[in-house]
Amino acid sequence: MEENNLLLQVQDLKVYFYNEEGQELKAVDGVGFYLRKGETIALVGESGCGKSVTSLAILRLVDSDGKIQGGKILLEGRDLLSLSEREMREVRGRDISMIFQEPSSALNPVYTIGDQIIEAIILHQKLSYRQARKTAEELLRLVGIPEARKRLDEYPHELSGGMKQRAMIAMALSCHPKVLIADEPTTSLDVTIQAQILELIEELQRQLNMGVILITHDLGVVAGMAERVVVMYAGKVVEEGSRWDIFHHPHHPYTWGLLHSIPRLDVKQEKLAIIPGVVPDPLNFPSGCRFRNRCPLEDEVCLTEPSREEIENQHYVYCHHHSQIEVLETRGFSQ
Amino acid sequence: MNRETRRIFRRLSSDASAILGFALLIFFVIVAILAPFIASPPPGRDPYIMPIVTWSSNPLPPSPEHPFGVAGKRDIFYGVVWGTRTAFRVGIIVTLISTALGLLIGSVAGYFGKLWDEILMRITDIFMAIPFLVAAMVLTTILGTGLDKVMMAMTVFSWMGPARLIRGNILQVKEEQFVLAAKALGVSDFSIIIRHVLPNTIFPVLIQASMRMGSLVITAAALSFLGVGAPQGYADWGALLNYARNWMLGGQGEALKYWYMTVFPGVAMVLFVLAWNLVGDALRDAFDPRLRL
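Residue numbers (the working numbering), protein chains in the order written: chain A, 1 to 335; chain B, 1 to 293.
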């Protein structure tokens, strides 16, 4: 990959939480990936795999029970973890923005949409209230909200869910960030609205040449939007590659299981694959490969931690048995 | 906003006790504003000191000259009218300062949590453990008499309620996603508290403050009654009751002989407290989203 195209690099990121007994929960343990300019990547995984914590850690907004215990987050070469809180505030919103899952709770109910967008604009740009209001109106138009001027003076409860998410996007884009983190941006919306919002994000990304990190557990969304996919399991990356690689040549048993557990229209399936067992307790992750207690390919080798292996061009997998993945095609997850 | 305001007005105006509360409050406000015309003070004197109208220290029953009677050589009517101003002053100033103090302490404790919360809330607990009236009395005795000292003493011991209330509310609101969203936009902690957290938590505090307004006036009166409050002759309902202290049991076989000494200031006080409580109740109902139809 060409270095000058790199926008964001996360290297060996570790975010640990501490409960009241002082036990360590390794919610994110050595996660690394990169994002190029104008590219969309997807962070995929089950709930609790650490994908949301990773995204909050990029903005250094992990809540007070958690601590970033190691790693580097490089934005165009600058390590965000070494910045002061004040410098970090400058980065938030201006360089990296975030949109959230629940548009209805991500907007403050006591202010109008306009007030909130204007606040975001004035925060990072030297504009008068009047200019900011004009910019806000343009932003609302940009995200496809009809009657933008009127909407500026409406309160969040007067808007539909899709409109609210559009307003959130307008807010997040108010300072033309380089990176947009979208944490399950469509999960709480109707299916028809989902597609519209995703299209909107895609189009704005092209217009503004942003890098987008899409956090989701919805593989349909991933297939539609992401150029590259990072699959996470139990606080670690298990596989990383282009959309094509991940969807057509998964090499980690977990990725394989994930893909085969969703119904498909184009293939005749007798049964959906079920990954047996549950996500391990974060206080008590298995040693070595964290997927091993649910994996049909498990053996003694799995007691040691798998290393990152490049199996094709920029397709990485963390599994000792990635070469045996074909076995799953015939016998599935049953042992 | 318009629709919301109209809705609140509609609810307030359809509630009989709300109307009564606001009517009483407006009545007291008018009395306080028009005090110089209702009971004109002697020229060149401090109007807050009740003028001496007789040389006998015996109370006098109501008469055309002194419609509420005379106590401690002073006109009760004058005292009740100007006492309204004192009541408002004590109530509003103490409530404002103690609420502001409580807001500050509660917001810091709630928003920053951890050690801040622990230290500030333990201090709050200590203050709450001290009996309010006794503490205020002791402090007033130390500071010396005077209305400002009374207000200071009451402020020192009445910020804990709002502090706890606001802390609890902030703990709840700070978990809301819009707080995280604001942080993700780079808003500073200070503006998050001021702009995003407080406006979502302030109503219960304001309602509580309006209810506290009444009870603070009672406390101030109690201090005056006990003789550690307003100075001699100051127009204050509690001070009027203080004059009645020696006559409360009546005399010469007539238990209710000096009724006017307690009834007029007492009724004023009861109505004043009632007004604030009704207004507080009405506001709570009007702003409570669970009661929305």
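FYI, nobody ran anything at the bench for these hints, they're computed from the structure. Since we're looking at a predicted model, the values are computed, not measured. Glycine is no exception: its CB is placed at the ideal position from the N, C-alpha and C atoms. Certain hints may be false.
[What the hints assert, rightly or not] Derived CB-CB ranges, DEER-like:
(1) B:S191 with A:R206: 32 to 40 angstroms
(2) B:I119 with A:P276: 43 to 51 angstroms
(3) B:P43 with A:Y129: 38 to 46 angstroms
(4) A:G277 with B:I123: 48 to 56 angstroms
(5) A:E24 with B:E175: 22 to 30 angstroms
(6) B:R122 with A:D299: 40 to 48 angstroms
(7) A:V110 with B:A100: 17 to 25 angstroms
(8) A:A195 with B:L274: 35 to 43 angstroms
(9) B:G113 with A:Q324: 45 to 53 angstroms
(10) A:S287 with B:R122: 41 to 49 angstroms
(11) B:G113 with A:G70: 53 to 61 angstroms
(12) B:I119 with A:G288: 42 to 50 angstroms
(13) B:I123 with A:P286: 30 to 38 angstroms
[What the hints assert, rightly or not] 20 angstroms max Cα-Cα, derived EDC-like pairs, lysine to aspartate or glutamate:
(14) B:K114 with A:E102
(15) B:K114 with A:E21
(16) B:K174 with A:E102
query = Falls inside 45 to 53 angstroms, the C-beta gap from G113 (chain B) to Q324 (chain A)?
reply = holds, 50 angstroms
query = Range hint 35 to 43 angstroms: satisfied by the CB atoms of A195 (chain A) and L274 (chain B)?
reply = Given a distance of about 60 angstroms, which is not inside 35 to 43 angstroms, the answer is violated.
ask   = Should the hint that I119 (chain B) and G288 (chain A) are 42 to 50 angstroms apart at their CB atoms be regarded as holding?
value = holds, 45 angstroms
query = Is the hinted range of 38 to 46 angstroms satisfied by the C-beta distance from P43 (chain B) to Y129 (chain A)?
reply = violated, 52 angstroms
request  = Just tell me: holds or violated, for the beta carbon distance of R122 (chain B) and D299 (chain A) against 40 to 48 angstroms?
outcome  = Since R122 (chain B) and D299 (chain A) have Cβ atoms about 56 angstroms apart, the given range 40 to 48 angstroms is violated.
query = So does G277 (chain A) sit 48 to 56 angstroms from I123 (chain B), Cβ to Cβ?
reply = holds, 50 angstroms
message = Tell me if the beta carbons of S287 (chain A) and R122 (chain B) are separated by a distance inside 41 to 49 angstroms.
response = holds, 43 angstroms
query = When you check the alpha-carbon spacing of K174 (chain B) and E102 (chain A), does it fall within 20 angstroms?
reply = holds, 16 angstroms
task = State, for the Cβ atoms of I123 (chain B) and P286 (chain A), whether the hinted interval 30 to 38 angstroms holds or is violated.
result = violated, 47 angstroms
inquiry  = The hint says 53 to 61 angstroms between G113 (chain B) and G70 (chain A); measuring C-beta to C-beta, is that right?
reply    = About 25 angstroms separates the Cβ atoms of G113 (chain B) and G70 (chain A), which means 53 to 61 angstroms is violated.
message = I want to verify a distance hint. Is the separation of the beta carbons of V110 (chain A) and A100 (chain B) within 17 to 25 angstroms?
response = Once the Cβ atoms are compared, 20 angstroms apart, the range 17 to 25 angstroms for A100 (chain B) and V110 (chain A) holds.
query = Holds or violated: 22 to 30 angstroms for the Cβ distance of E24 (chain A) and E175 (chain B)?
reply = holds, 23 angstroms
Hint violations for this structure: numbers 3, 6, 8, 11, 13, 14, all remaining hints satisfied.
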